[in-house]
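Visitor: Sequence:
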Amino acid sequence: MAAELKVTLIKSHIGQNPSMRGCLLGLGLKKREKTVVLQDTPEIRGMIAKVSHLVRVEE
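Sequential numbering from 0 applies to the sequence shown in numbering that gives the first Met the number 0.
Be aware that one or more of the hints could be misleading.
[To be verified] Below, computed lysine to aspartate or glutamate pairings styled on EDC-like, alpha-carbon distance capped at 20 Å:
| hint | residue 1 | residue 2 |
| --- | --- | --- |
| 1 | K5 | E32 |
| 2 | K30 | E57 |
| 3 | K33 | E57 |
For the record, the hints were derived by calculation from the structure and aren't laboratory data.
Everything numeric in this text was worked out from a predicted model, so none of it was measured.
Modelling step: build the complete structure from the supplied sequences, incorporating the hints.
Guide: What follows is the structure, encoded as structure tokens:
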């Protein structure tokens, strides 16, 4: 079974560039303090790395 990541948006995306907002939407994070559980894949890790200053990740 693949590992899962719990990703929480901790800072607002307002004022960020459009590609970062796109990453957050791609991760399913639209509002602050929203949490989603995602599969641990290289694509998801890449998106998280791009917005790492806006999210908190728990394994």
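Visitor: Indicate, hint by hint, whether the structure satisfies it.
Guide: Structure-based check of each hint:
Our distance criterion of 20 Å between C-alpha atoms is met by K5 and E32, whose separation comes to about 12 Å. Restraint check for K30 and E57: satisfied, since their Cα atoms lie roughly 18 Å apart, inside the 20 Å limit. Distance hint between K33 and E57 is fulfilled; the C-alpha atoms sit about 14 Å from each other, no more than 20 Å.
When held up to the earlier numbered hints, the structure conflicts with none and fits them all.
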